[in-house]
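Protein chains in written order, with our numbering: chain A, 1 to 500; chain B, 501 to 640.
The hints are simulated quantities; they were obtained by calculation from the structure and are not laboratory data. Mixed in with the good hints there might be a few duds.
[Said to hold, decoys possible] According to the in silico footprint, chain B covers these stretches of chain A (three or more CB under 8 Å from chain B): (1) 48-62; (2) 467-474.
[To be verified] Label pairs and their calculated CB-CB ranges: (3) ARG507/B with LEU174/A: 19 to 27 Å; (4) TYR68/A with ASN598/B: 22 to 30 Å; (5) TRP64/A with ARG563/B: 35 to 43 Å; (6) ILE523/B with VAL134/A: 25 to 33 Å; (7) GLU137/A with LEU531/B: 48 to 56 Å; (8) VAL458/A with ILE564/B: 50 to 58 Å; (9) PHE520/B with TYR270/A: 52 to 60 Å; (10) VAL134/A with ASN530/B: 44 to 52 Å; (11) PHE520/B with LEU174/A: 54 to 62 Å; (12) TRP522/B with PHE227/A: 29 to 37 Å.
Here the structure is a predicted model, which means the values were calculated and not measured. Even glycine gets a Cβ: it sits at the ideal position worked out from N, Cα and C.
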Amino acid sequence: MNANIILLPVLIPLFTAIAGLIFRSIRIQQPIGVIGGIATLWSSWQLFCDVRNVGYRVLHVGGWTPPYGITLVADHLSAIMVVIASLMACLVALYSIRDVDAMRKKLFYFPLYNFLSMAINGAFLTGDIFNLYVWFEVMLISSFVLLALGGAKPQIEGAFKYVSINLISSAMFLSGIGLLYAKVGTLNMADIAVKLNFQSHSFLINSTAILFLSAFGIKAALFPFFFWLPASYHTPPAAISAIFAGLLTKVGVYALIRSSTLFFRESFYYTQNLLLVIAGLTMVTGVLGAAAQYRVRKILSFHIISQIGYMIMGLALFTPLALAGMVFYLIHHIIVKTNLFLLSGIIEKIHGSDDLSRLGGLYRSSPGLAGLFCISAFSLGGIPPLSGFWAKFALIKAGLEIDAFWISLIALLVGLMTLFSMTKIWGEAFWKACPETAESKDIAPVTNLALMYIPATVMAVMTLYLGFFGQTVFDVAQATSAQLLDPRGYIEAVLGGGGR
Amino acid sequence: MTSLILRATARSLLPVLLLFSWIILYRGHNLPGGGFIGGLTAAAGFIIVGLSEDIEQAKRILRISPLSLMAVGLLTAALSGVIGVMTGAPFMTGIWLNTFEMPVVGTIHLGTPMLFDVGVYLAVCGFSLNTLFTLSETED
């Protein structure tokens, strides 16, 4: 198969975005955006099947041999992330047709959205550390505009916090790259891996590792750097916060996984304990922060943080089962979290608010919505047999296998508290009788929500599939974990031969 | 702006600056220059007209909207990469035409990296003009 296939998940959103800039009527932009999303999904699925067969797919852009040119690499992890990101992008594009208002659409919502999708796929596929930085910047700019689009006061405030902390992260990332380049003289990730494995005790490498950890930690909303996330994610329309919640922090997690398994594996002991502590603190602070909140999207935002903690826990444990559990957790989390934000958007459309004290009676008025919410929320809480249970089960089992009792205990307790938050939303928004306020009386029944329900239903079905037929996905996760633990295949695929 | 000198020279500066920007664009492959700086120079020509006369006048001379310029530029740059794919090579592989002689200018060497730079030129020019037109509108 032509190696250029690896580029399609990046190129299709680019051309879709350009088409959106050329045809400025919303009526044309909407179908183009959705069709582009479907085409991207199709191409990433092709890439995934290809990678499942051959293991690695590599493209040296422009025909420049590594380590001089930019290389794109798809291994299992990249391919999985691209498929799941394209799937979310496609479904949320469909959802935005109904959710996003005409004013934002006129201000190029769809082209911006496609640029964001391009940048996310690019970040997952690149095999060049500086190129990764560039994709981060493209992602930051397009997400910043999406966040600020509309210009309401809380939006600008959230967007400002978001962009300033992320600029600091970019500066750290760039300094880390600079230090690394000064040390090893290359930017190709496989080449860096080869060179670092010969000189793992350098002080300079550890400083780079910590700079990368901080930079990606900010992107992924890890423990001390998480505050920007709940400050900004509840401000834009639900479709935008859904795609942010599902994918943006996960790009940070992906970068952390990639750098830890490829560059710093020889010196991983240096950051391993630190990562474990951070993972525990991230889980606990996220879930405690959520307990204090009373707005649906704020609660969900804090839960993103605690869930990120689980993934980092998988990375820090660094056993085959832990890494497989982490990959499974990533897949489960992206689907469930995006879906919960989509559902919160539907709640807002029906009630005009997502404040729990004003909501109520949704179980009676919209039972379908209640069913969908039930699946996603209790999957997030880890109720068997839903997907979250298997994800947590794998991680905690991995923790107990290597006697990491503290972190396993924290993971268990945080799971319990997640359940508490979810039952809080469930009890307040769905079971409680609707509070008799002046505004709740004159709620006009909202119609035409089909376009919002379809993506949410698809995601709920996928959550169920992950729960009941999780083995197929877990096999893929285990293959991914094997590849991550043995990066020789990656290096050989990129550099050819024995990796010089 | 009421300066007589500026008003008298602005109109004649525009073609000169445009020509200059094309020279910069063309020499950019091997020498200092290129699409980015060329695009900025071209935008500067229109902005001088806008400052000396009226921003509407600059828009009239430009004819198409800066946003379309951006879109066309992006499309050109992206398609220049696809040309390499058509020949079976990886994306963005440089495909060069044979050199040929042209009177006055000398030897001409065209290829897809050049086309990419043209895309950058258009996108940068469109972006700068779009920003400046928008800023001058809110001033009123």
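What are the numbers of the hints the structure violates, in ascending order?
Hints 2, 3, 7, 8, 10, 11 and 12 not satisfied by this model.
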